[in-house]
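Sequences listed follow chains A and B, in order. For reference, each letter of the first sequence is one residue, going 1 to 83 in the numbering used here. For reference, each letter of the second sequence is one residue, going 1 to 151 in the numbering used here.
Be a bit skeptical, because a hint or two may be false.
[Claimed, not checked] Derived lysine-lysine pairs resembling DSS-like cross-links, with alpha carbons at most 25 Å apart: (1) B:Lys138 - A:Lys4; (2) A:Lys60 - A:Lys49; (3) A:Lys4 - A:Lys49; (4) A:Lys2 - A:Lys37; (5) B:Lys44 - B:Lys138; (6) B:Lys138 - A:Lys49; (7) B:Lys138 - A:Lys60; (8) A:Lys60 - B:Lys44.
[Stated by the list, open to error] According to the in silico footprint, chain A covers these stretches of chain B (three or more CB under 8 Å from chain A): (9) 51 to 57; (10) 108 to 116.
Simulated from the structure, these hints should not be mistaken for lab results. Keep in mind the model is a prediction, meaning the values are calculated, not measured. No residue lacks a Cβ here, since even glycine has one placed at the ideal position from N, Cα and C.
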Amino acid sequence: MKLKYFAWVRERIGVEEEERDLPAHVNTAGDLIHWLKGEGENYAYALEKADFIRVAADQKHVRHDASIREADVVALFPPMTGG
Amino acid sequence: MIAVSVTSEPLATDAIVASLGADGDTGAVASFVGLCRGEGGRLKGLELEHYPGMAEAEIERIAAIAKDRWPVDGIVAVHRHGLVLAGEPIVVVAARSRHRDAAFDAVRFVMDFLKTNAPFWKREHLLDGTFGGWIEAKSRDDEATARWVSG
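If we strip away everything but chain B, and leave its shape as in the complex, we get:
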């Protein structure tokens, strides 16, 4: 099972992870929650622009690759768009499997590729209500993605 969604609503982390379900052979659930940093109180939050349609499709494509590569029985990924306040989750990715390595690896793989390939762009939303700068892509994110390709 692969379930992907993009929403402007706050993320209910526990419910998203629980939506993976479990059966008698499930031995591991791994999850990652990415939170919006306040950067020392400077930011009200982050405004996330996305490419509707492609954002969902790209995360689904990445999750499908992960499901082929590791023996996982389910992957769920939910990503916010719009204004995300400091402290709120931006993204939740979780996977379940018989043994922990597959779930850990699948979650990390999906997150690494999501950061470099899913069409989202973050912009700072300052405390006074104005926009700050666009967040720049980091080369270390590209390196994290490349790591899975080079083995």
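Chain A extracted, bound-state conformation:
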């Protein structure tokens, strides 16, 4: 699965995107965030306020309880500030 990061989530993790094989127990967007938090200090810092993190699966907003297993690209980012 391709993971993409934006804004301060991207800055804190340190990469714009990466390919990752998800462990079998990761089903939902929330599972993904929780798993990534354990992948290193940079992830823990970027995702420390897990409830705050927004998720898009194949460019569509999804809730934390939505399955992302079938998605090709999942993006994690802070609340949006456009307009």
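Please build the complex by placing chain B on the supplied structure of chain A, with the hints as guidance.
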């Protein structure tokens, strides 16, 4: 007609609004222009990061909902990305309709949802050329969006 674009070029506000066109039954054109504030001279401007593809798709989705909800004949929305200098437009949203209420409501709806759902993130660009902080999302923007859902 719904026309959405995201560009790094400065926005030609009048031309964007005029692109809505008009026909013999058009009675109203409403437009909103969001400008980059200088915050008392502290900022050179704002750097806007976006999610290419999703940003356009999300604004189009929002505009389509507005077009279903109100009798508007056209909606246009153009949003900048990259460095936007203080005083320059960041976003232009306009709608045309037979009567003014539909155009007013559609523009406001698109703006309210765009702020909370279109994947853009603003960062301060200071006068000395360095980056300041990321702009934090405001709860009042979430409340403005929720207002349309609760009725």
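Checked hints:
1. Annotation: proposed proximity of Lys138 of chain B to Lys4 of chain A holds, straight-line Cα distance about 24 Å (limit 25 Å).
2. A C-alpha spacing of about 21 Å is found between Lys60 of chain A and Lys49 of chain A, which places the hinted pair at or below 25 Å, so the restraint holds.
3. The straight-line distance between the Cα atoms of Lys4 of chain A and Lys49 of chain A is roughly 18 Å, inside the 25 Å bound, and the hint therefore holds.
4. In summary, the hint linking Lys2 of chain A to Lys37 of chain A is supported, as the alpha carbons are separated by about 17 Å, within the 25 Å threshold.
5. Note on Lys44 of chain B and Lys138 of chain B: the hinted pairing holds, with a Cα-Cα distance of about 22 Å set against a maximum of 25 Å.
6. For the suggested pair Lys138 of chain B and Lys49 of chain A, the alpha carbons sit about 16 Å apart, so the restraint of at most 25 Å is met.
7. Distance restraint check for Lys138 of chain B and Lys60 of chain A: the Cα-Cα separation of roughly 22 Å lies within the 25 Å cut-off, and the hinted pair is therefore satisfied.
8. This hinted pair does not check out: Lys60 of chain A and Lys44 of chain B have alpha carbons roughly 33 Å apart, beyond 25 Å.
9. Evaluation of the coverage hint for the segment 51 to 57 of chain B: fulfilled, as 5 residues show C-beta separations to chain A shorter than 8 Å, against a requirement of three.
10. Taking a C-beta to C-beta cut-off of 8 Å, the segment 108 to 116 of chain B contributes 4 residues in contact with chain A, enough for the three needed, and the coverage statement holds.
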